[in-house]
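S.K.: Listed below, chain by chain, are the residues.
Number of protein chains: 2
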Amino acid sequence: MTGSFIKVFAPATVSNLTCGFDILGFPLENIGDELSIKVIRGKRIRIKSIKGFELPFEPAKNVAGVVARKMIDELRLDFSFEFVIKKGIKPGSGIGSSAASAAGVAYGINELLGKPLKLKELVKFAMEGERLASGTPHADNVAPALLGNLILIRSYNPLDIIQLPSPADLFCTLIHPHIQVKTKESREILEKRIPLDKAVQQWGNVAGLIAGIVQSDYSLISRSMEDVIIEPIRSVLIPRFDEVKKESLDAGALGCGISGSGPSVFAFSKGEENALKVRKAMIETYHDTKIKFDVYISRISPHGAYVLERSY
Amino acid sequence: MTGSFIKVFAPATVSNLTCGFDILGFPLENIGDELSIKVIRGKRIRIKSIKGFELPFEPAKNVAGVVARKMIDELRLDFSFEFVIKKGIKPGSGIGSSAASAAGVAYGINELLGKPLKLKELVKFAMEGERLASGTPHADNVAPALLGNLILIRSYNPLDIIQLPSPADLFCTLIHPHIQVKTKESREILEKRIPLDKAVQQWGNVAGLIAGIVQSDYSLISRSMEDVIIEPIRSVLIPRFDEVKKESLDAGALGCGISGSGPSVFAFSKGEENALKVRKAMIETYHDTKIKFDVYISRISPHGAYVLERSY
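These protein sequences, in sequence, are chains A and B.
The first sequence begins at 8 in the numbering used here and counts up by one.
The second sequence begins at 8 in the numbering used here and counts up by one.
Extracted from the complex, chain A is given alone in its bound form (with noise of 0.2 Å):
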């Protein structure tokens, strides 16, 4: 196995889709981290290289390292790895960064040992990451990161993953205000307990967002992008997020909500050209402020992470 080397890209996504909190997520199309992962010999995990974004390299403290221990340890491998992580999403944007690096490294390490297990079966070491990252094993980025598309987390215990299919006319327009918002302290705001009445409401969305997509009947889903838990609480995190919102509804979106924990936002649009006009909406509420942003158009991708490059 030594030297055998592996050069994999895993997606960015944008999960939680209004009322789908922690349980709905999607990859988008060409952004995401590029992770070269090198078979060494001994048990030491060894960071090499961080491009992009500044990550710590020790081992336990860094995502890509707490995956490939978590499956070094499990599958009882007596060789270990050496990472070269290009960052291509910036950390604490709401598009999945630590999950693209987690599901990056599972995926790598997983094709370096001749696939011994399936994509679903690589979640679970995934999620160590999102635990380092986050304070929570959640699956909502890891998952689509892993598989593609979207991608329905119906239970966490046992945990069960199920792919959906998603409307051909249904593109994500994307905002990332060059802003942080870290996922652990956007957590730590939400309310333990909601009243009961806003979880019907939210579960009423939920249901409608799912038949929607499902049957890809666009009005369901633009009616179902709601979110009455989550956005009033992390919306104020985010710089105008109520005029974005505003202004891509405006605009033609059928809906926008935060991006997993923010600070990214993003729209549903029927087709491609109702996508340009939310981007163009997006860009001139932002563009008066001193915050940089990118702005992104994509489908919800049906690729996973794959294979760039590699040698034996």
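The reader is advised that the hints may include incorrect statements.
You can't tell identical chains apart in this list, so a pair holds if it fits in one copy or across any two.
[As the list claims (entries may be wrong)] Cut-off 30 Å, straight-line C-alpha distance, at most; resulting in silico cross-link-like pairs (DSSO-like, lysine-lysine):
1. Lys205 x Lys277
2. Lys127 x Lys45
3. Lys14 x Lys199
4. Lys205 x Lys125
5. Lys205 x Lys284
If you are wondering where the hints come from, they were derived from the structure by calculation, not from laboratory data.
Dock chain B against the given chain A, drawing on the hints supplied.
M.R.: Only chain B this time, still in chain A's reference frame:
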């Protein structure tokens, strides 16, 4: 108008369907109330007779009277109605006894008037009957009793009612033990605030149930039929609930839970043969008690209320 007469049937309904508290319901075949409605002079509503079960004759305290009053007022009618109510559903059974009467009255009056309102527009009138009966104007019984099919109440404000397709082979087996559980009381014991993590579990299951139903994925339906919020509290009011559930699942049911607010317990099965096995299991669980009970097998009925007889 005076003298016009109609007789309608309105079906019993199963609501909640485990994880879908207050948002999901469907009508049963062949079980329900018959309402005879005659247009009379004046403003006074009259309840001439009530057969089957005892209910108040005073219109303001009777579901039929309350729904009729609401329609007379809102539609500014200068005449009134006389009712003969033949209850086929015991009040407090958990299969929408009040809802059947409420839906039947709204449907019947609308027919007598020449259908000025669409079926979905009748739901809010029928909900007034539920407000009287349970303290909360929920729609997950009256909407399926009016519209037929599996119904999702996506939102109450504004009211958004969605008809879902249902799998061809999905059968319901239902046991109705003859003890009374008052909806009002079974609502009062629920907690007003619920833990966020349980709510996430619940909406994961709701999402799975809807995806399973729309895609006829029986295994997913089965895995999703879990209620971590309401059932643990309400099931204590139902004698032998845990046994009925266990035996039904052992007999091959996809899932089992409380119908409405109980005491009826329903199970879904794939195919009539399994539904019959579940019926046997339910009967065996109850047969040595002193509680009388009925057992029904039904598909998800595509029919809401309908006309039995009319004269002008």
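S.K.: For each hint, tell me whether it holds in the structure or not.
M.R.: Structure-based check of all given hints:
In this homomeric assembly, Lys205 and Lys277 come within 30 Å of each other (Cα to Cα) only inside a single copy, at 28 Å, whereas the closest approach across copies is 33 Å. With identical chains, the CA atoms of Lys127 and Lys45 are at most 30 Å apart within one copy only, with a shortest distance of 23 Å there and 62 Å across copies. When the C-alpha separation of Lys14 and Lys199 is checked against a cutoff of 30 Å, the pair qualifies neither within a copy, at 40 Å, nor between copies, at 51 Å. Taking the shortest Cα distances, Lys205 and Lys125 sit within 30 Å of each other only across copies (29 Å), while inside one copy they are farther apart (37 Å).
For the homomeric pair Lys205 and Lys284, neither the shortest alpha-carbon distance inside one copy (32 Å) nor that between copies (38 Å) is at most 30 Å.
Hint violations for this structure: numbers 3 and 5, all remaining hints satisfied.
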